[in-house]
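With the hints as extra help, turn the sequences into a complete structure.
For reference, the chains in residue letters:
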Amino acid sequence: MSGNSTISTTRKLDVQQLRQDFPILQTEVYGKPLVYLDNAATTQKPLAVIEAMNDYYTSSNSNIHRGVHYLSQKATSEYEIVRQKVQRFINAEHLHEVIFTKGTTESINLVANCFNRKFLKPGDSILISAMEHHSNIVPWQMACEAHGATLRVIPMNEKGELQMDAFTDMLDETVKLISLTYVSNTLGTINPVREVIEQAHAQDIPVLIDAAQAVQHIPLDVQDLDADFVAFSGHKMCGPTGIGVLYGKEKWLDQMPPYQGGGDMIKTVSFEKTTYNELPLKFEAGTPAIAEGIGLGVAIDYLEQLGLQNIYDTEHALLTYATNALRQIDGIRFIGQAAQKSASISFLINDIHPFDIGEILDKQGVAVRTGHHCTEPIMNFFGIPGTVRASLAFYNTTEEIDKLVAATKKAAMMLG
Amino acid sequence: MTINEQQDLIIEDFELFDDWMDKYEYIIQLGKELPLIDDKYKIDDNLIKGCQSKVWLHAELKDGLLHFTADSDALITKGLVSMVIQVLSGQQPKDIADAEIYFIDKIGLQSHLSPTRSNGLLSMLKQIKLYAVAYQAKSLQ
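Protein chains in written order, with the UniProt record's numbering: chain A, 1 to 416; chain B, 1 to 141.
The set of hints was computed from the structure by calculation and includes no laboratory data. One should not assume that every hint holds.
As the list claims (entries may be wrong) - Selected chain A positions facing chain B (in silico; Cβ < 8 Å):
hint	residue
1	I360
2	K363
3	G371
4	P385
As the list claims (entries may be wrong) - Output of the computed footprint for chain A on chain B, the stretches with three or more beta carbons under 8 Å from beta carbons of chain A:
hint	region
5	17-30
6	75-82
Unchecked claim - Straight line, CA to CA, 27 Å or less: simulated DSSO-like cross-link-like pairs of lysine-lysine:
hint	chain 1	residue 1	chain 2	residue 2
7	B	K49	A	K363
8	A	K410	A	K363
9	B	K129	B	K94
10	B	K54	A	K409
11	A	K74	A	K85
12	A	K363	B	K54
13	B	K126	B	K49
14	B	K23	A	K403
15	B	K32	B	K106
16	B	K54	A	K410
17	A	K409	B	K32
18	B	K94	B	K138
19	B	K23	A	K409
20	A	K102	A	K85
21	A	K85	A	K12
22	A	K363	B	K23
23	B	K49	B	K32
24	B	K49	B	K129
25	A	K251	A	K118
26	B	K32	B	K54
27	B	K106	A	K410
28	A	K102	A	K267
29	B	K106	B	K129
30	A	K32	B	K106
31	A	K249	A	K176
32	B	K126	B	K23
33	A	K363	B	K32
34	B	K42	B	K62
35	B	K42	B	K54
36	B	K23	A	K410
37	B	K40	B	K129
38	A	K176	A	K121
39	B	K94	B	K106
40	A	K410	B	K32
The structure presented is a predicted model; accordingly, all values stated were derived computationally and were not measured. C-beta: ideal position from N, C-alpha, C; glycine also.
Next comes the structure, spelled out in structure tokens:
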């Protein structure tokens, strides 16, 4: 790609070759080859991930962290190695800053619950943006309601870009935390999270980054970004469902009370008084998703082997190709035209309902998502019922984009 | 015609279609053709909001028969809504309350009735049943 650059180590991915790693990409729907363009909802899984989970249940299954026997120790070791992989993957300073959760939603809820119990008081405020997923809105609404605080919204412009001037003006002494999506799942906007964090830190305000739509597309270094919290899901990065990560700086995690009570999160228990375990187990009550965790570890291996920068470059080229190809369709209107965009394209055609387009695309083997994408405030902002969203991954091809365009033209013809 | 005779008629019609495109074109045509509801009834009180598409439904009892008019913002849903009306409108409340709607499944549009997809059509069918049960109870008083 940038072969003449001396510092770049990027290489072009062999997409046809790596597609062989994903069994589901070889399947058909309605007798047509599957064109899977719903990667922002969940990505497909390479065979190595599927096999790792199968192997775990076949040869290591056991409960972890407390068993005296061989299998338990083997399973514990396999599971805890994944924590190290995550630490390296996001470049966390300490291993115990990596908390395993069910996914992004639980990671955000954990902070909304525990950080706010400690730090949020009546009259305080939390900042989010106008382009958040419901799971980065509702937990804060609930926390604000519980603590008498106010939820304030950083506005965006018509292109779907954060209004940084307005953001700067909103930073005052009432703000206790900012929770912002790195990449919008609906608009594809890549937010200037580094600048947000810098401005927030100048006033000692911590920042949570919802990286659910970023972690599989953009190299992430939590120390370099200086993020206070980062949340993401395994299943959007070629891993299994049911496992996710909350990264938190030690200084915050140490001060926060535990999230849920149960096994693993305690040091000693009596009916009078329980003392809590240390990080990370303090936030990991109950038996975790062990097989899923091990699957996540293999997914990280897989992504690292491809190289995040290579993934980004490949997807960016595909995004440009797809945007140009879709632009040829009469009456198309893109929702989300930020200068910095990830490979997620929301669009409408004339006044055709997105649900109708999605159904006709489905019948042609093209899987997209339609609707409000769990971002109703964005739909209200643009005054639309929903969008058709094609979200791309590194394993998609230009031929698949051509099929999307042809299928969309057919849908427009039938519905117009 | 009874409710089931109406359903069988639609199923028979759909057997003529060779492929999915013809089927969908027919449903879309139905959706485009019908002015299904008087504008004065297209109000929030009559709105059944699904996750994906909206449906407006108005019910009226005339001479012991229950009549429905409806509309949707999505064309395919609207086409299906018009078939539901063809099947159920103008029938006795008791028959509507007891009816089993099988034609949507038989013509291959069952995904519209998936509760997880939670769109307007399924909610509309539930609402129609509620009206029927309510009017049936009224007529028994």
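The hints, checked one at a time:
1. I360: With a closest approach of 7 Å, the I360(A) hint holds.
2. K363: holds, 5 Å
3. G371: holds, 5 Å
4. P385: holds, 6 Å
5. 17-30: As far as the region 17-30 of chain B goes, the hint holds, because 5 residues have Cβ atoms under 8 Å from chain A.
6. 75-82: holds (count 3)
7. K49(B) x K363(A): holds, 25 Å
8. K410(A) x K363(A): holds, 11 Å
9. K129(B) x K94(B): Since the Cα atoms of K129(B) and K94(B) sit roughly 10 Å apart, the hinted pair holds (cutoff 27 Å).
10. K54(B) x K409(A): Given that 27 Å is the threshold and the Cα spacing comes to 24 Å, the pair holds.
11. K74(A) x K85(A): Measuring from Cα to Cα gives roughly 17 Å; hence the hint holds.
12. K363(A) x K54(B): Within the cut-off at roughly 22 Å; holds.
13. K126(B) x K49(B): Since the Cα atoms of K126(B) and K49(B) sit roughly 12 Å apart, the hinted pair holds (cutoff 27 Å).
14. K23(B) x K403(A): With Cα atoms ~21 Å apart, K23(B) and K403(A) stay inside 27 Å; holds.
15. K32(B) x K106(B): holds, 23 Å
16. K54(B) x K410(A): holds, 24 Å
17. K409(A) x K32(B): holds, 19 Å
18. K94(B) x K138(B): holds, 11 Å
19. K23(B) x K409(A): holds, 18 Å
20. K102(A) x K85(A): holds, 17 Å
21. K85(A) x K12(A): holds, 24 Å
22. K363(A) x K23(B): holds, 11 Å
23. K49(B) x K32(B): holds, 20 Å
24. K49(B) x K129(B): Holds: K49(B) and K129(B) sit about 17 Å apart, inside 27 Å.
25. K251(A) x K118(A): This hinted pair holds, its Cα atoms lying about 13 Å apart.
26. K32(B) x K54(B): Judged against 27 Å, a Cα distance of about 16 Å means the pair holds.
27. K106(B) x K410(A): holds, 25 Å
28. K102(A) x K267(A): holds, 23 Å
29. K106(B) x K129(B): holds, 20 Å
30. K32(A) x K106(B): holds, 22 Å
31. K249(A) x K176(A): Holds, at roughly 16 Å.
32. K126(B) x K23(B): Satisfied, since the Cα-Cα distance of roughly 25 Å is no more than 27 Å.
33. K363(A) x K32(B): Holds. K363(A) to K32(B) sits at ~20 Å (cutoff 27 Å).
34. K42(B) x K62(B): Roughly 20 Å separates the two Cα atoms, so the pair holds.
35. K42(B) x K54(B): Within the cut-off at roughly 11 Å; holds.
36. K23(B) x K410(A): Answer holds: K23(B) to K410(A) is near 14 Å, not above 27 Å.
37. K40(B) x K129(B): holds, 23 Å
38. K176(A) x K121(A): Roughly 9 Å separates the two Cα atoms, so the pair holds.
39. K94(B) x K106(B): With a Cα-Cα distance of about 24 Å, the restraint between K94(B) and K106(B) holds, given a limit of 27 Å.
40. K410(A) x K32(B): It holds: about 17 Å lies between the C-alpha atoms, which stays within 27 Å.
The structure meets every hint from the earlier list without exception.
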